[in-house]
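Let the sequences and hints guide you as you build the complete structure.
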Amino acid sequence: MNYSGTREAFAAALMELCEIDRKYQIVSADSAKAARVTDLIEKYPECYVEVGIAEQCAVDVAAGLASVGMVPFVATYCGFITMRACEQIRTFVAYPGLNVKLVGLNAGMLGGEREGVTHQFYEDIGILRSMPDITIVCPSDDTQTFLATKAIAKVNGPCYMRIGSNREPRIFNDEIPDFELGKIRILKEYGNDVVIFTYGFIMDRAIKAIEILKDMGIGASLVEVHTLRPLDVEGISAVLKRCGKAITYEDHYINGALGSAVSEIIAENCPAKLVRIALTEFPESGTPDELMKKYHIDTDDIIKAATLLCNN
Amino acid sequence: MKRNIHNLEKISNELRFDVVDMIYKSKDGHPGPSLGIGDLMTALYFSEMNIDPKDPYKPDRDRFILSKGHACPVVYAALAKLGYFSSELLPTLRTCDSILQGHPCMKNTVGIDMTTGSLGNGVAIGTGMEIARQRMNGKWYTFVITGDGELNEGVIWEAALAAVHNKCENLMVFVDFNNHQSGGHTDEVSGINPIAEKWLAFRWHVQEINGHDYNQIFAAIDAAKEEKGRPSVIVCKTVKGKGVSYMEDNNAWHKGVPSTEQWEIAKKELLGGFV
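Protein chains in written order, with the numbering used here: chain F, 1453 to 1764; chain A, 293 to 567.
Hints were generated in silico from the structure; no laboratory data involved.
Keep in mind that this is a model prediction, so the values were computed, not measured.
Heads up, the beta-carbon is just placed ideally off N, CA and C, and yes, glycines get one too.
Hints should not be assumed to be uniformly reliable.
To be verified - Computed from the model, here is a short list of chain A residues facing chain F with C-beta under 7 Å:
1) Met398
2) Thr401
3) Met406
4) Ala416
5) Met421
6) Arg427
7) Ala451
8) Leu453
9) Ala454
10) Asp541
11) Asn543
As the list claims (entries may be wrong) - Listed next, the in silico DSS-like pairs over lysine-lysine satisfying Cα-Cα at most 25 Å (straight line):
12) Lys1635/F with Lys1693/F
13) Lys1485/F with Lys459/A
14) Lys373/A with Lys520/A
15) Lys490/A with Lys520/A
16) Lys350/A with Lys399/A
17) Lys1635/F with Lys1697/F
18) Lys431/A with Lys1475/F
19) Lys459/A with Lys520/A
20) Lys559/A with Lys319/A
21) Lys399/A with Lys1475/F
22) Lys459/A with Lys1475/F
23) Lys350/A with Lys373/A
24) Lys1475/F with Lys1485/F
25) Lys1606/F with Lys399/A
26) Lys1666/F with Lys1693/F
27) Lys1640/F with Lys1660/F
28) Lys350/A with Lys1475/F
29) Lys560/A with Lys319/A
30) Lys1635/F with Lys1746/F
31) Lys373/A with Lys302/A
32) Lys319/A with Lys1495/F
Dropping the structure here:
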């Protein structure tokens, strides 16, 4: 499995699904090119629905398709799905529990980077966590996106998958682990001084941070929370109990996503100290490295937070 | 197809009384919008649609979407009369533990093909259903009723484009053209008129009829079925509150609960001629 990015990996997985069963459909809001499914729709035109630049219509059409037994994947820029078509998702997909898959492309500040705020989306997970009954996943590289696409296809109900913009570094090179929906994954375990919970396409920065912390004498654990719903409360609680100090690190606005989810577990189940690293304001256009540094969601910010937690 | 129109008129009056009765007893609901589409509902559910209350989920059934979901009391009345569920449940409308939600819910109510209530979405959802039919080589039709005020919603026109682009020939949309919307006359509130011209510009097959005349309703449905390669819209001139004198063309009855005296008047007007 070697894809040039998460969008290609998604397209490859969907291609395999369509080969098996034409009930799988790609619903495009003039987003087929962006979702990298042009080969798929050429090969299986009967699996392609085009509605034009009309995201609310795309989600409604998907609801209609699903209501008679098709399994539509609506793939477009993640903010245009989760914000423009938010009510359609809530009322016509989540409420009736229809088997619609929503795929948010170019997610996060990194997903939009030089396009600027209009095309950077860091509210999607918070929005969807605020409504019931949608499975929410965010894989961390192309190999995981391929497997996550297959995993959500097996769920008989609404799912959202957040993917990137093809600037995601490969995380899993040698052994590619399974994508087990609803379970955390402990990626590194250098000690129980502090745990870093993260997900998505900033994983490489978290891995870099934990190695630096190790050299500094701080033994940290790195935990991937690729499924934001259903959240692995038991798994997260167990790690929190061991470490007592936690950092959440995400390419999302600070409220609503992983930082909030872990805060809820800490408040309800398992007292621990927590620092949330995420966006706290609207950023701007720029290269990924510039933006991550300027808006304080970089490797250095993890190291600072871990040092602060462990020295107090 | 030969249809017994006298019998349909009788059924529509019974449905209308069920609407007034359930809103009177449950003390909440939208009588005016429900009564206005009473004849369209009767034509569809008691003559036109291929449905089977004994097999409510049969895959090749015709689909119905009430895009203007607030008019659902008349759908509930039709489903009960056909035997989808007991008519004794009708007065539980909008009450806790009822299968009859304030707006249609496909999970709660057998016979409801799609959850609706948030205006503007029925045409787009119907487009999805019709595309699925094409892909499955089905023969069924998808019928949608929208309001005229509802045409203010942008997603209606997104779907108007998408349905033509996807050649949704078995999609039939009825516009309940009663010139009222929640806040008043459509000309005063939103200026949606003229309606037919807009659909024509979107390249739909367009007809304009009297939505209370069964001969016109069936002729329009037959003509729509003859039209191939594109969807059809039937703009139906209707009277909001049709059949109950004090509710007719009176937007005060968009939502409201009749008094006992008003309930008695409605009963006499709707059932008096047939009992």
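Results of checking the hints against the structure:
no. : hint                     : in the structure
1   : Met398                   : 5 Å, holds
2   : Thr401                   : 11 Å, violated
3   : Met406                   : 6 Å, holds
4   : Ala416                   : 3 Å, holds
5   : Met421                   : 4 Å, holds
6   : Arg427                   : 6 Å, holds
7   : Ala451                   : 5 Å, holds
8   : Leu453                   : 6 Å, holds
9   : Ala454                   : 4 Å, holds
10  : Asp541                   : 31 Å, violated
11  : Asn543                   : 26 Å, violated
12  : Lys1635/F with Lys1693/F : 17 Å, holds
13  : Lys1485/F with Lys459/A  : 22 Å, holds
14  : Lys373/A with Lys520/A   : 33 Å, violated
15  : Lys490/A with Lys520/A   : 20 Å, holds
16  : Lys350/A with Lys399/A   : 16 Å, holds
17  : Lys1635/F with Lys1697/F : 20 Å, holds
18  : Lys431/A with Lys1475/F  : 17 Å, holds
19  : Lys459/A with Lys520/A   : 8 Å, holds
20  : Lys559/A with Lys319/A   : 17 Å, holds
21  : Lys399/A with Lys1475/F  : 22 Å, holds
22  : Lys459/A with Lys1475/F  : 19 Å, holds
23  : Lys350/A with Lys373/A   : 19 Å, holds
24  : Lys1475/F with Lys1485/F : 21 Å, holds
25  : Lys1606/F with Lys399/A  : 21 Å, holds
26  : Lys1666/F with Lys1693/F : 21 Å, holds
27  : Lys1640/F with Lys1660/F : 11 Å, holds
28  : Lys350/A with Lys1475/F  : 18 Å, holds
29  : Lys560/A with Lys319/A   : 20 Å, holds
30  : Lys1635/F with Lys1746/F : 32 Å, violated
31  : Lys373/A with Lys302/A   : 13 Å, holds
32  : Lys319/A with Lys1495/F  : 56 Å, violated
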